[in-house]
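Turn these sequences into a full structure, and let the hints steer you where they fit.
Number of protein chains: 2
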Amino acid sequence: MRTPEGDALSDLVLDLFRLDSLLLTAGDRLVAPLGLTSARWQVLGAIVAAERPQPVAWIARDLGGNRQNVQRIINDLHKEELVAFEVNPHHRRAQLVVLTRKGQRTFRAAMELQAPWIDDLSDGLSVKDIRTVHRVIRSLRDKLEGNGEVEESV
Amino acid sequence: MRTPEGDALSDLVLDLFRLDSLLLTAGDRLVAPLGLTSARWQVLGAIVAAERPQPVAWIARDLGGNRQNVQRIINDLHKEELVAFEVNPHHRRAQLVVLTRKGQRTFRAAMELQAPWIDDLSDGLSVKDIRTVHRVIRSLRDKLEGNGEVEESV
DNA sequence: TTATAATTGACATTATAATGTCAAATTTGG
DNA sequence: CCAAATTTGACATTATAATGTCAATTATAA
Chain A
1 MRTPEGDALS
11 DLVLDLFRLD
21 SLLLTAGDRL
31 VAPLGLTSAR
41 WQVLGAIVAA
51 ERPQPVAWIA
61 RDLGGNRQNV
71 QRIINDLHKE
81 ELVAFEVNPH
91 HRRAQLVVLT
101 RKGQRTFRAA
111 MELQAPWIDD
121 LSDGLSVKDI
131 RTVHRVIRSL
141 RDKLEGNGEV
151 EESV
Chain B
1 MRTPEGDALS
11 DLVLDLFRLD
21 SLLLTAGDRL
31 VAPLGLTSAR
41 WQVLGAIVAA
51 ERPQPVAWIA
61 RDLGGNRQNV
71 QRIINDLHKE
81 ELVAFEVNPH
91 HRRAQLVVLT
101 RKGQRTFRAA
111 MELQAPWIDD
121 LSDGLSVKDI
131 RTVHRVIRSL
141 RDKLEGNGEV
151 EESV
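Residue numbers (the numbering used here), protein chains in the order written: chain A, 1 to 154; chain B, 1 to 154.
Quick caveat, the hints were computed from the structure, so don't treat them as lab data. Hints should not be assumed to be uniformly reliable.
Since copy identity is lost for identical chains, a pair holds within one copy or between any two.
In silico lysine to aspartate or glutamate, EDC-like type, Cα no more than 20 Å apart, as pairs [to be verified]:
(1) Lys102 - Glu81
(2) Lys143 - Asp28
(3) Lys143 - Asp120
(4) Lys143 - Asp123
Spelled out as structure tokens, the structure:
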């Protein structure tokens, strides 16, 4: 009915869902003392990771999340003064999102909490296997992101 | 700051989140014609996977989801006559959840849609690598589920 | 048996996420 | 320069998920 690869991947998917939910919950617990959640942490991370300040819609695209939700999260972060908006020379309405001092401190604190936690979580695994996992995950991700775009050759 | 394993795992996590969300969305699209969603499909799967009919709370535990949400989903499935409740000889209130004929047909139809889809998704990957991924995922899952229970030896 | 704790479904409330629409602003193509 | 398409943030609505509480029921232990 299915290929051996399809079977193996099928077996994997449910555990993947479960792991995802466990990671989110663990992340929530980890950074709760900082007033963060997994979602907020991820948004801060996307802002840090970007080379230059971006408007909300771009950050949402980077995250693969939907625009309105990311907007809400960033507005929340703004209320708590973790991010600020800067004038965008290229767009009057779409302001650029940057971390405030407080935002930088909070993000750094989160990463400092993360280090021992992820070290412990990875204990017993080999870098080689983790890389294999990463490669497969990326491959699946890429395949799913190429939304069946059958590009018409002009 | 982090071990090499911790670093590698860190790199992995964000892609894992993204993949998860892509898989859920793809699943939603796949089974939408059947009136299902990823969440409903998963609940049906848990009912099928269990050896014997279970009350809602047990299914929720199997799924690692929260009880109230699973209850809501199962009530929805009940309204659409995909599941039915049976008297539980061991508990007056906690009825046993079973699939109706329609539920069985729908679940089977979902799996038939899934087969070619997952075959295609797994194309290009080796069973060996997929199994490695599964093993690592399971290991992480187990570690996160053992909620720091420092069992006291009596 | 009795009392104490744990489980379970129902209900209510809140939080988060997803979807759709709109007007302002920008970009694109001519 | 102009018109059409796209992007963007704001807003509203709905859907889904999470959290807390309660009474009924069952399980456990004394």
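Status of each hint after checking the structure:
1. Lys102 - Glu81: Classified as within; 7 Å inside a copy, 53 Å across copies.
2. Lys143 - Asp28: This pair counts as between: shortest inter-copy Cα distance 17 Å, intra-copy 29 Å.
3. Lys143 - Asp120: between (31 Å within a copy, 10 Å between copies)
4. Lys143 - Asp123: between (30 Å within a copy, 10 Å between copies)
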